[in-house]
Amino acid sequence: MPLHPLHGPPGLLDLKSVPEPVTHTAGLLAQLDEVFESGFGRLSSANLQTLASLASSFAGTPLAEPLQAAIAGLGRSEFVDRHFAVIAAARAAAHGAMHDALVAQACAALSRPRPELEVFAAAPAQEAPPRAAVLLESVRQWLMELAIAGFANLEVGALLPFQATLDAIMAEPALVRHAALLSGFLDELLTVFPAHGKPEVPRLRWVDLWARSMVLSLAPPAPVATREVKGELRVFATDLRQHDHVVCLVAFGALHEPGKPPRVVRTSVSAFKVDVLQGEDLAGLLNEVGGKLLEAIAGGQGLKIAGMLLHATGDLVWQESRAEVLPAKLKLAEEAAAVLTTPTALRPSARPEDRHPAVIEELVWLPAEAYAATGKEPREVSLGGSPFPLASERVPVSDDLPLAELAGSKGLVALLRFDGGRWSLQPVMIDKGKPRMVGTSLQSARAKARGGNLATLKERAGKLLRKKS
Amino acid sequence: MIRPRVLPRARKVQKVPFVELYAGRLQGVVSSGSDQDRVYVSYFEAGSGNFYCSTNNNRPCGGLRGSPCKHLVELLNEGVLQYGAARVIAYLGLQAEPDKVKSGGELLRHIKGGPHKVEAGMVFSRFLTYLQYVSVAPTGVPLPDMAWFVR
Ligand SMILES: [Zn+2]
Numbered sequence: 049m050p051l052h053p054l055h056g057p058p059g060l061l062d063l064k065s066v067p068e069p070v071t072h073t074a075g076l077l078a079q080l081d082e083v084f085e086s087g088f089g090r091l092s093s094a095n096l097q098t099l100a101s102l103a104s105s106f107a108g109t110p111l112a113e114p115l116q117a118a119i120a121g122l123g124r125s126e127f128v129d130r131h132f133a134v135i136a137a138a139r140a141a142a143h144g145a146m147h148d149a150l151v152a153q154a155c156a157a158l159s160r161p162r163p164e165l166e167v168f169a170a171a172p173a174q175e176a177p178p179r180a181a182v183l184l185e186s187v188r189q190w191l192m193e194l195a196i197a198g199f200a201n202l203e204v205g206a207l208l209p210f211q212a213t214l215d216a217i218m219a220e221p222a223l224v225r226h227a228a229l230l231s232g233f234l235d236e237l238l239t240v241f242p243a244h245g246k247p248e249v250p251r252l253r254w255v256d257l258w259a260r261s262m263v264l265s266l267a268p269p270a271p272v273a274t275r276e277v278k279g280e281l282r283v284f285a286t287d288l289r290q291h292d293h294v295v296c297l298v299a300f301g302a303l304h305e306p307g308k309p310p311r312v313v314r315t316s317v318s319a320f321k322v323d324v325l326q327g328e329d330l331a332g333l334l335n336e337v338g339g340k341l342l343e344a345i346a347g348g349q350g351l352k353i354a355g356m357l358l359h360a361t362g363d364l365v366w367q368e369s370r371a372e373v374l375p376a377k378l379k380l381a382e383e384a385a386a387v388l389t390t391p392t393a394l395r396p397s398a399r400p401e402d403r404h405p406a407v408i409e410e411l412v413w414l415p416a417e418a419y420a421a422t423g424k425e426p427r428e429v430s431l432g433g434s435p436f437p438l439a440s441e442r443v444p445v446s447d448d449l450p451l452a453e454l455a456g457s458k459g460l461v462a463l464l465r466f467d468g469g470r471w472s473l474q475p476v477m478i479d480k481g482k483p484r485m486v487g488t489s490l491q492s493a494r495a496k497a498r499g500g501n502l503a504t505l506k507e508r509a510g511k512l513l514r515k516k517s
Numbered sequence: 005m006i007r008p009r010v011l012p013r014a015r016k017v018q019k020v021p022f023v024e025l026y027a028g029r030l031q032g033v034v035s036s037g038s039d040q041d042r043v044y045v046s047y048f049e050a051g052s053g054n055f056y057c058s059t060n061n062n063r064p065c066g067g068l069r070g071s072p073c074k075h076l077v078e079l080l081n082e083g084v085l086q087y088g089a090a091r092v093i094a095y096l097g098l099q100a101e102p103d104k105v106k107s108g109g110e111l112l113r114h115i116k117g118g119p120h121k122v123e124a125g126m127v128f129s130r131f132l133t134y135l136q137y138v139s140v141a142p143t144g145v146p147l148p149d150m151a152w153f154v155r
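First to last, the protein sequences are chains A and B.
Residue 49 is where the first sequence starts when you use our numbering, and the numbers rise one by one after that.
Residue 5 is where the second sequence starts when you use our numbering, and the numbers rise one by one after that.
Hints are supplied without guarantee of correctness; some may be wrong.
To be verified - Derived DSSO-like pairs: lysine-lysine, alpha-carbon spacing no greater than 30 Å straight-line:
id: 1; chain 1: A; residue 1: 482; chain 2: A; residue 2: 424
id: 2; chain 1: B; residue 1: 74; chain 2: A; residue 2: 506
id: 3; chain 1: A; residue 1: 506; chain 2: B; residue 2: 19
id: 4; chain 1: B; residue 1: 121; chain 2: A; residue 2: 511
id: 5; chain 1: A; residue 1: 511; chain 2: B; residue 2: 116
id: 6; chain 1: A; residue 1: 64; chain 2: A; residue 2: 377
id: 7; chain 1: A; residue 1: 511; chain 2: A; residue 2: 424
id: 8; chain 1: B; residue 1: 106; chain 2: B; residue 2: 74
id: 9; chain 1: A; residue 1: 496; chain 2: B; residue 2: 16
id: 10; chain 1: A; residue 1: 278; chain 2: A; residue 2: 377
id: 11; chain 1: A; residue 1: 246; chain 2: A; residue 2: 379
id: 12; chain 1: A; residue 1: 506; chain 2: A; residue 2: 379
id: 13; chain 1: A; residue 1: 506; chain 2: B; residue 2: 16
id: 14; chain 1: A; residue 1: 511; chain 2: B; residue 2: 74
id: 15; chain 1: B; residue 1: 16; chain 2: B; residue 2: 116
id: 16; chain 1: A; residue 1: 511; chain 2: B; residue 2: 16
id: 17; chain 1: B; residue 1: 19; chain 2: B; residue 2: 116
id: 18; chain 1: A; residue 1: 496; chain 2: B; residue 2: 116
id: 19; chain 1: A; residue 1: 480; chain 2: A; residue 2: 424
id: 20; chain 1: A; residue 1: 496; chain 2: A; residue 2: 506
id: 21; chain 1: A; residue 1: 246; chain 2: B; residue 2: 104
id: 22; chain 1: B; residue 1: 121; chain 2: A; residue 2: 496
id: 23; chain 1: B; residue 1: 104; chain 2: B; residue 2: 19
id: 24; chain 1: B; residue 1: 16; chain 2: A; residue 2: 246
Just so you know, the hints here were simulated from the structure itself, not pulled from any lab data.
With the hints as extra help, turn the sequences into a complete structure.
Here's what the structure looks like:
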């Protein structure tokens with residue numbers, strides 16, 4: 049492997065400030081979100097003014113006219129889901145523009161090209177299952193009811209009936225993304241409601257989840273264009289995302305395809321679960337779909353893949369049957385440094401309709417001399433003497449990746465994130481001679497997971513759900 | 005090992021396969037000590053402090069004589085393991101100090117209600133929904149919305 053010069057990203061400190069249009073749009077959306085908290089069922093004059101200024105900010109865009117019509121309709125208490133769909137689309141478009149401006153800022157600071165979608169032949173035509181359209185109509189109806197009532201005024205009685213829709217969505221494989229998002233959203237609402245006294249509403253977060261759900265439910269999922277890839281995948285960083293009902297292990301790595309320069313890809317394995325399944329049970333859950341991926345992550349080995357599908361976004365659809373763990377131990381820090389120091393435009397990104405500041409995860413490699421961190425729970429790293437925030441709240445609590453390991457480490461892979469109005473770095477691999485990343489313990493936990501909670505619940509499910517159907 | 009941020013201590017599901025705070029109740033399913041195939045459906049209601057325990061076929065629990073049976077005590081214990089004493093106390097609206105509570109059973113003296121029947125089917129169908137989650141096939145497709153869910 050060629051040795052690349054190990055100088056760190058010089059421009060990270062340019063990210064201490066945020067582009068003015070981003071701050072401006074965030075302010076406008078914060079006002080819109082207040083309407084969601086109090087509810088569209090009782091629009092105050094201040095609310096109407098907020099909606100009017102939202103409409104004028106879209107002047108001259110394709111959304112201007114539908115937005116005018118929707119706001120006028122809502123002002124006349126016309127509660128139909130298409131009005132709310134337009135509001136959600138406008139909010140998503142504004143977040144998409146923020147995303148693009150922020151990615152442009154980050155890429156300029158890091159002196160790298162902006163990520164691009166790979167160009168594929170057209171997607172195969174494929175009908176969505178007929179049931180999907182009906183289920184998504186129920187989702188939109190429910191979301192509309194939430195918006196009319198307002199998040200501060202939800203009654204638990206308005207939340208519970210949605211479980212039946214969600215059960216049906218879970219049984220529909222074409223709607224797996226909806227199931228993951230909506231089960232997390234409903235969970236959160238039910239944690240707060242029924243509320244004693246004034247509920248604590250995480251306004252921005254809930255309106256994000258609401259708008260995301262609405263946009264995702266406007267039409268049944270269209271078929272996605274992909275291409276088959278073969279070559280070797282070398283995972284050098286991971287991240288774990290989860291709520292009570294889904295666990296998702298995301299892996300970032302270099303894909304070496306024959307005859308092409310190596311590039312960065314992202315893959316993930318996810319499983320549905322219940323709250324009590326934690327710790328070692330996560331290994332049991334993910335083993336079925338990604339046992340070989342867990343093995344390669346634990347051993348720092350490469351994976352030979354053939355016939356796996358790659359999305360234009362650089363997302364590899366993980367398929368166990370198309371992977372083989374290779375015996376050699378890799379030097380993952382060198383691998384990461386090689387593909388991240390001057391990455392090409394073909395690297396993980398988001399589809400236009402998915403763009404939102406929260407999905408920005410620009411991978412960076414920091415060599416040892418570029419940063420310093422101290423303490424057991426560091427909240428920032430020092431970049432040449434200047435502090436830069438760490439997104440430590442995003443790092444799962446584990447022995448796999450304790451942030452205390454940053455002190456004296458030999459290098460670092462991090463996701464550059466934007467949250468709470470500022471940029472931060474989320475470490476996803478710390479080079480301590482051997483790579484530290486989330487999920488390295490899952491391989492050995494598989495054995496312990498046997499006979500644990502997962503097995504007990506699966507056995508119960510096998511008996512009871514068969515009886516039910 | 006990856007540790008949960010919310011679950012205070014590991015809970016084993018052998019005796020109480022299902023417990024939840026839902027719709028104003030601490031409710032769950034408790035295995036029978038004697039009969040492998042029998043389960044009890046138990047709940048405490050927030051505010052009123054009312055409770056009930058029956059088999060999933062709606063036969064009242066023999067241990068329920070004006071005060072909570074052993075299944076209800078187990079439910080409280082596991083509820084506190086699952087959610088922590090503070091959340092259970094707040095959810096049920098009990099007059100207890102979370103810091104002093106070592107096990108769920110200690111909360112019993114703060115339960116002021118009496119036996120009050122609800123249909124076991126209501127809680128039991130929640131259990132089936134719960135089990136459905138462990139029956140859905142895992143997936144290797146990208147789930148970009150999971151970027152919102154971190155703990
Ligand atoms: Zn009982």
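To see whether the hints hold, each was checked on the structure:
1. For the hint pairing residue 482(A) with residue 424(A), the CA-to-CA distance comes to about 19 Å; that is within 30 Å, so the pair holds.
2. Of the pairs offered as hints, the one joining residue 74(B) and residue 506(A) holds, with about 26 Å between alpha carbons and a cut-off of 30 Å not exceeded.
3. For the hint linking residue 506(A) to residue 19(B), the alpha-carbon distance of about 15 Å falls within 30 Å, and the restraint holds.
4. For the given pair, residue 121(B) sits about 27 Å from residue 511(A) by alpha-carbon distance, which is consistent with the 30 Å threshold.
5. Straight-line distance between C-alpha atoms of residue 511(A) and residue 116(B) comes to about 37 Å, which puts the hinted pair past the 30 Å bound.
6. Proposed proximity of residue 64(A) and residue 377(A) is contradicted: the alpha carbons are some 38 Å apart, above 30 Å.
7. Note on residue 511(A) and residue 424(A): the hinted pairing is violated, with a Cα-Cα distance of about 47 Å set against a maximum of 30 Å.
8. Straight-line distance between C-alpha atoms of residue 106(B) and residue 74(B) comes to about 18 Å, which keeps the hinted pair within the 30 Å bound.
9. For the given pair, residue 496(A) sits about 14 Å from residue 16(B) by alpha-carbon distance, which is consistent with the 30 Å threshold.
10. With a CA separation close to 20 Å, the supplied pair residue 278(A) and residue 377(A) stays within the 30 Å bound.
11. Between the alpha carbons of residue 246(A) and residue 379(A) the distance comes to roughly 54 Å, so the proposed pair goes past 30 Å and is violated.
12. For the hint pairing residue 506(A) with residue 379(A), the CA-to-CA distance comes to about 39 Å; that exceeds 30 Å, so the pair is violated.
13. About 14 Å separates the Cα atoms of residue 506(A) and residue 16(B), which keeps this hinted pair within 30 Å; it holds.
14. Between residue 511(A) and residue 74(B) the alpha-carbon distance is near 25 Å, which keeps this suggested pair within the 30 Å criterion.
15. Distance hint between residue 16(B) and residue 116(B) is fulfilled; the C-alpha atoms sit about 28 Å from each other, no more than 30 Å.
16. With a C-alpha separation of about 19 Å, the suggested pairing of residue 511(A) with residue 16(B) holds against the 30 Å cut-off.
17. For the hint linking residue 19(B) to residue 116(B), the alpha-carbon distance of about 26 Å falls within 30 Å, and the restraint holds.
18. Annotation: proposed proximity of residue 496(A) to residue 116(B) is violated, straight-line Cα distance about 42 Å (limit 30 Å).
19. Taken as a hint, the residue 480(A) and residue 424(A) pair is honoured in the structure, with Cα atoms around 16 Å apart against an allowance of 30 Å.
20. For the hint pairing residue 496(A) with residue 506(A), the CA-to-CA distance comes to about 16 Å; that is within 30 Å, so the pair holds.
21. Simply put, residue 246(A) and residue 104(B) have alpha-carbon atoms about 26 Å apart, close enough for the 30 Å limit, and the pair holds.
22. For the proposed pair residue 121(B) and residue 496(A), the alpha carbon gap of about 40 Å is over 30 Å, so the pair is violated.
23. Between residue 104(B) and residue 19(B) the CA atoms are separated by roughly 25 Å; this keeps the pair inside 30 Å, and the hint holds.
24. Taking the CA atoms of residue 16(B) and residue 246(A), the gap is near 34 Å; set against the 30 Å cutoff, the hint is violated.
Checked against the numbered hints above, the structure violates hints 5, 6, 7, 11, 12, 18, 22 and 24; every other hint is satisfied.
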